[in-house]
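Heads up: the sequence lines are chains A and B, in that order.
Residues in the first sequence are numbered consecutively from 1, following our numbering.
Residues in the second sequence are numbered consecutively from 1, following our numbering.
Rather than coming from a laboratory, the hints here were simulated on the basis of the structure.
The hints are all genuine.
Partial list, computed: chain A residues near chain B (C-beta under 8 Å):
{"hint": "1", "residue": "Gly42"}
{"hint": "2", "residue": "Tyr48"}
{"hint": "3", "residue": "Ser95"}
{"hint": "4", "residue": "Phe97"}
{"hint": "5", "residue": "Gln103"}
{"hint": "6", "residue": "Gly106"}
{"hint": "7", "residue": "Gly108"}
Quick reminder that beta carbons are idealized off the backbone N, C-alpha and C, glycines included.
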Amino acid sequence: DAGVIQSPRHEVTEMGQEVTLRCKPISGHNSLFWYRQTMMRGLELLIYFNNNVPIDDSGMPEDRFSAKMPNASFSTLKIQPSEPRDSAVYFCASSLFGDSYEQYFGPGTRLTVT
Amino acid sequence: DAKTTQPTSMDCAEGRAANLPCNHSTISGNEYVYWYRQIHSQGPQYIIHGLKNNETNEMASLIITEDRKSSTLILPHATLRDTAVYYCIVRGDNTDKLIFGTGTRLQVFP
Numbered sequence: 001d002a003g004v005i006q007s008p009r010h011e012v013t014e015m016g017q018e019v020t021l022r023c024k025p026i027s028g029h030n031s032l033f034w035y036r037q038t039m040m041r042g043l044e045l046l047i048y049f050n051n052n053v054p055i056d057d058s059g060m061p062e063d064r065f066s067a068k069m070p071n072a073s074f075s076t077l078k079i080q081p082s083e084p085r086d087s088a089v090y091f092c093a094s095s096l097f098g099d100s101y102e103q104y105f106g107p108g109t110r111l112t113v114t
Numbered sequence: 001d002a003k004t005t006q007p008t009s010m011d012c013a014e015g016r017a018a019n020l021p022c023n024h025s026t027i028s029g030n031e032y033v034y035w036y037r038q039i040h041s042q043g044p045q046y047i048i049h050g051l052k053n054n055e056t057n058e059m060a061s062l063i064i065t066e067d068r069k070s071s072t073l074i075l076p077h078a079t080l081r082d083t084a085v086y087y088c089i090v091r092g093d094n095t096d097k098l099i100f101g102t103g104t105r106l107q108v109f110p
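Let's have the full structure, built from the sequences with the hints guiding it.
Here you go:
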C-alpha cells in the first residue's frame, strides 16, 4: 500500500486566495483526520470523519475552513480566504475504526500564505 | 480525555536504552495509553499502545504502572534515527480521536 497520500506537498499562495488540500486515505480505512501543526500551537486536530461522515469539527478554527469527504477514498480541506496565520503544515491521517485505532499519517502539506 | 505530562527533552547515548516517562494521573479505567513519534519534517508514526498490561513490539516496550497513573516507553537500543519528538497520548474508549501534547524531544548522540 502506498500509505496516506497528500497533495500538494508544498503550497505558496497570497492572502485572500482559496487553498484546497487533498488527501487519499489508506484503502479500507474508515476514519480520516485532518491536523495542523505550527511551532506555536503544536499538532492540533481540526476535524475527523468516520465512514465519510464528519464526527468532530470542534478544532476547525473558523468559518474560513471547511472539509469534505465525498467518498471513502478522498477528502479535501479548503481555506477561503486564506490568511498569513494559516501558514502551517497540514497532515492527513487515516485509521481503521474498531481495530487498534492506529493512525497512519501522510507526509503533510506545507502551506505558506504571504 | 486525561491530560499527559512529559519532560520537554531528553538525551540518550547511541546503543543505550532510552526510557521516556509519561504521567497520566487522571486516566480512567477505559482509557488507553498511546505513543507516537515524529521525526523532523515527517508525519507522526505510531509506536505502541496499551491499557493495563505491559506491551512489547519490534520498536519498543511500554511499561504501565499498576495504578496506571504513569507509563514508560523503552527503546532498548537507541540509534541516531530514533532522534525525534515522542508523544504520549491518552485515548478514550470507543473513539479514535487523539489529542497530541508537546511531547518529549529525544536526542540520541553518538
